[in-house]
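J.: Heads up: the sequence lines are chains A, B, C and D, in that order.
With our numbering applied, the first sequence corresponds to residues 2 to 439, in that order.
With our numbering applied, the second sequence corresponds to residues -8 to 241, in that order.
With our numbering applied, the third sequence corresponds to residues 1277 to 1576, in that order.
With our numbering applied, the fourth sequence corresponds to residues 4 to 315, in that order.
Keep in mind that the hints were calculated from the coordinates and are not lab data.
No experiment lies behind these values; they were computed from the predicted model shown.
Just so you know, even glycine gets a beta-carbon here, dropped at the ideal spot from N, CA and C.
What you were told as hints is all true, and nothing was included just to trick you.
When the alpha-carbon atoms are kept at most 30 Å apart in a straight line, the in silico DSSO-like pairs for lysine-lysine are as follows:
(1) K130/D - K219/A
(2) K403/A - K1396/C
(3) K345/A - K132/A
(4) K236/A - K130/D
(5) K236/A - K263/A
(6) K1396/C - K282/A
Derived coverage of chain C by chain D (criterion: at least 3 residues anywhere in the stretch with Cβ under 8 Å from a Cβ of chain D; other residues may be distant):
(7) 1380 to 1390
(8) 1511 to 1521
(9) 1546 to 1557
Each chain is listed here by its residues.
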Amino acid sequence: MMKSRIGGLLAATTLAVGMAGPAAAADDTFKIGVITFLSGQAAESFGVPAWNGGKLLVDMLNEGGKLPAPYDKMGFGGMKIEAVIVDEAGGATKQVQEFRNLVQREEVDAVVGYVSSGDCLAVPPVADELKAFTILYDCGTPRVFEDGSYEYVFRTAAHATMDNVSLARYLKSRDFDVPSFAGLNQDYAWGQDSWADFTGAMKQLYPDAEVKTALFPKFGAGQYGTEISALLREKPALVHSSNWGGDLQGFLIQATARGLHKRAQLALAAGDHVIPQLQDKMPDGIFLGARGVNGLAAYARGGELKQLTDTMWDAYEAEYNTFPVQAPFRMWQALFGLKTAVEKAMADNGGTKPTSEELAAAMKGLSWDAPSGRIEMALADGHQAIQPNAIGTTKWNADTGKMELVDVEYYDARCVNPPEGMKSQDWLAQGFPGAECD
Amino acid sequence: MNKAVLEVRDLQKTFGAVTAAQDISVTVPEGAVYSLIGSNGAGKTTFVNMVTGYIKPDSGLINFGNRNIAGMAPRQITRLGIHRSFQIAQLCAELTVEENMLVADAIHGHPGPSFLRRAHNAEARERALATLERFHIAEHRDRLVPELSGGVKKLLDIAMAMAGETQIMMLDEPTSGVAADEKFPIMDLVMDALRSAGVTVIFVEHDMDIVTRYSERVLAFYDGRIIADDAPGEVLSDPEVQRYVTGAPA
Amino acid sequence: MDLAATILVDGLIYAGWLFIVSVGLTLVFGVLNILNIAHGSLYAIGAYASASMVGAYFALGGEAFPYGSYVAMILAALLVALVLGPLLERGLLRFFYGRDEVLNVLVTYAVFLILEDVMKLIWGVNPYFVYEPYTLLGDVEIGPLFYVGYDFAVIAAAIVVGLAVWLTLNKTRVGKVVLAVIHDSEMSQTMGVNVQRIYLGAFMAGTFLAALGGALTAPMISVTPGLGVNVIIVAFAVVIIGGLGSVPGAAIGALMVGISRAASVHLMPEAELFIIYFVMAIVLLFRPEGLFAKTQARKI
Amino acid sequence: MRFNLLLAAVIAFVVLAAGSVILPDWAMFLFAMALAKGLVCLGIVGMMRGGVVSFGQGLYYCLGAYTATLVANNLGVSDIFLLTLLSSAVCLLVGMAFGPLLSSYRGIFFAMLSLALSMVLYGSLSKMSFIGGTDGLNIAAPTFLGWAPEGRPLQMALYIYVVAIVVIAGVLMRIYFDSERGLLTLATRDNELRVEYLGASVRNVMTYNYVFGAVLGGIGGTIAALALGHVDPEFAFWTTSGEFVFVAILAGSLSVPSVFVAAIILELVRSFSNLYFPNTWQLALGIFLLAVIVVLPKGLGSLVSRRKGSPA
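In isolation and in its complexed conformation, chain A is listed as follows:
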């Protein structure tokens, strides 16, 4: 009767698991689950810098008084912030499981996470099912709230349509001549969507531009020799790429060695984050964005957010010996948003730790300041943020030994994001109706 013996084993496991009770956070602590990439390709570009920035901010908040108003109060509404961090690598299946574990086993008060669009699509239904307050802090796909609607899920960063619309607008506003263009994007949803957005925006702004070729090398391909040959042969005036991380670095190293940047204008939708690594190997004159007014563009902006931005910038540089790029900026805007929402909810409920319902009610339609500008939860019935964006041109400053962004153009959030109630694909196809540009 081996079957029943195994049955015994099973029963024992079942019981053991049943007993292992989790520890819920005390009332004076606000426990957040943070999910971001700690391994794989996205770790160095997004996950690790994002959490480096996040950890820094959490420490500063827990200490209290380190930041300018309105963020000078300790923690979240006086509660100490405690973070549990989970690696995002491993695919959406794993993430749904980990999400349940965070909420049900670790009993976190809020979840902040997800760089990968696949994870951002998979998690929200579960978040609603579990009534778990969740902030998507980084991922780009517009589909999250265009194909679905969720009560407890919020995205505190603008979706990716903005990146490529801004890029096309930048070309137009700088009177850049584009008789033809080509694309080299990673072969997965991010690259495919970015290319579709870019061609969609170009069709409106440069209706006569010819698409020479659309290359989709495999994610993590490493070798771009053949693709670069194809781009050199086709002679487009502009090459668009939404590559990131190692794929972007590899492409740039190989493309510049073969002079592609001298024969075609390179336009990178999300390219700022490779600057700290490439330094002067990043050629001058590349048009690039940072998926928001992040990194160098935020540093160059000044204005009334300068104090907040500089505080975070200096603290980051002091701690990690490099300047913050887009990823920490997005983590910061999520955490500042969460802090604002928690404190708003506590003002309404008399100062106790807010429930998921109270948090969701507070977050809906909220707006707050972050180093990356004013974040407004303006879309998807108050669940999806819009934010301003900036595109600039790279220029190496040999005197300071630093890369600078010149000719930066700042775009109002409502100029590069679709209006409420309109899908981004329709918005592109109809020629940006309702866009408010200066």
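Starting from the structure of chain A, add chains B, C and D where the hints point.
T.: Quick look at chains B, C and D alone, frame taken from chain A:
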């Protein structure tokens, strides 16, 4: 002489530059016991392999039961009634002796192996036991193949081949790998079992004592050809056979 | 330049790289009968080691003679082979000889998982760059296209590696013994060959070749975590196409994959992802054991 | 004997179903996923008994998941029984198409060719942006013959559904393993030549095992998709398939229940190492894997079941 059960006409087979079979023609009457002799590489096993489908002849006919089976798959030929044993007993090493028999029984049961019927069902085990007893190896039924002696392995190999409806049994060196003092008892056992089932037997053998004692007719192979085809006494005294096969003084 | 010529040049460059990363895999399989998933990790470690060594070379004043960085790259690969080869083969793999092939794939899969994190522990997640060797050899202008001289150096390296492996196997005593072991390890054991040493040697050679592939690639990419995953699947495909354990097979497989991939990028970019599997499926359909596999009839 | 099997099935069902009351939410979900994946692994175990291991079972896991999702999203079917039936039918057909092709490959070639097939599906789905590309698709919670639970009752219903399927599939596979065909499969692993010379078709044997694996894979994928609420091409990626093989090897081919125990153990190990070693969970998993292969060469099943007559 009974009517022919197997008729082989002009079989040819070459492997690259080596001629393994050349103009092989044989007629085997029903119920006969034939032996094949020849030195290594003379073409005996190639002949067995061609008849049982392991090797496809380049040309020629193998007529069995009104049809040409040359080039058919071993599975099809087995199903038609030509079974074989092997120089190295082909057994399932991770199964017990009984289970090996049950495999054979399952395949030949009707209407073929079932997805539901237990392999160890009572009737099948009874049939398996009966066959094992016929070959005097029932006492080993719970042992695994690697624990068996060479002789028992050979017997099991043949017993498995006998599970179906056998018309012709081809034994490839039935006594190789068998201890010297076991050879005759084993051959007695096998030949009794086969004769009582009315099976035509063709066996490959190096031991001339066994050849003379058990076969009615001998085919001597040399260089891919049959150089003699006659009663044992005639063949063994043939000078050509003595020179090329048996090596006995003329 | 003529499209066909461009495809050929691009294909050859890619094939050169493919050959270097897959020949070690096929060698290890031939001798040890282990299909090593961790080959990809060894490639990545080679890349990291090369980046570190070249970085150290320039930090120690290598600017004066930049070509020395190539020596540093090869030394890095050698170092990886000398450290990890014995560690993995003597410390782990030898306990699995003769076990099921597929089980051994899982063993190396475990090694792959472990090495992925070990790399992170040693080198962190930040990328490493060493571009100097990549631009050192200047440009090559072919028609309207520019290539980097380094690309052709990789082809040359592949040819040198191929010739070296072929000559060692066929023209030296040790090589002939290795071939005998590839053919039948049991038989060579009875013939008195010290199979253990052959196994260790072959695994170290395989490790060296994997690391060399990584070392040569390091200057043209940013060396980041997750580098090994993508290499292993293409290397598998090449080796399967060529026939497991066959060195000429790896060369032909690399050429087939390299050129058909280049053709696809130029002519039909949307098919690039499938082309490798397509070539592999076609080859296996007609030659189930790959192009150059040893087919042995079983004696019964 | 059959009575014992039935009794064991009832006990297994009761023990597992008791989990729906005892287990905390997160663990019930984890168990449900583990059992669904266990079904896929059970298919691999079936093939392992015939001597081949598929490194591409993600193909059917993914195919089942996508079939269910596409049918649910486009045809408005939400009934879990119907969805399971439809996707297993699709997998059956695809399995019948590829089975005969793959049945002549062995060892590493079978493993790699099946891997290539699943990678082709992975690649194709990644390209199809109209069904979500690499981001995949969401699928709404299932209904059970018209009943549409939410929250914990939904998780319980799903869990009990998986448990029921697991027990039924387990019993059927046990019957098959013990049957004449099952013995023939073992004989094939041992000695194909013998089997052919007994008059049976080895390819046939291999094809059946492959097709059963395909159907089990499809069912596992369907349930996983419904439990997760999401599918993506990652379901067909080689690392997913590798995990299935790992569970199958961990379980060994001797015992059916050990497949599911192995699946649960792997999920638990992974989930906890993920949380406690977020930076080195791969390392932890790799060491666990090696330890299992070294300590239990014949799998978990060898702890509880020893084949009659086999040497200790």
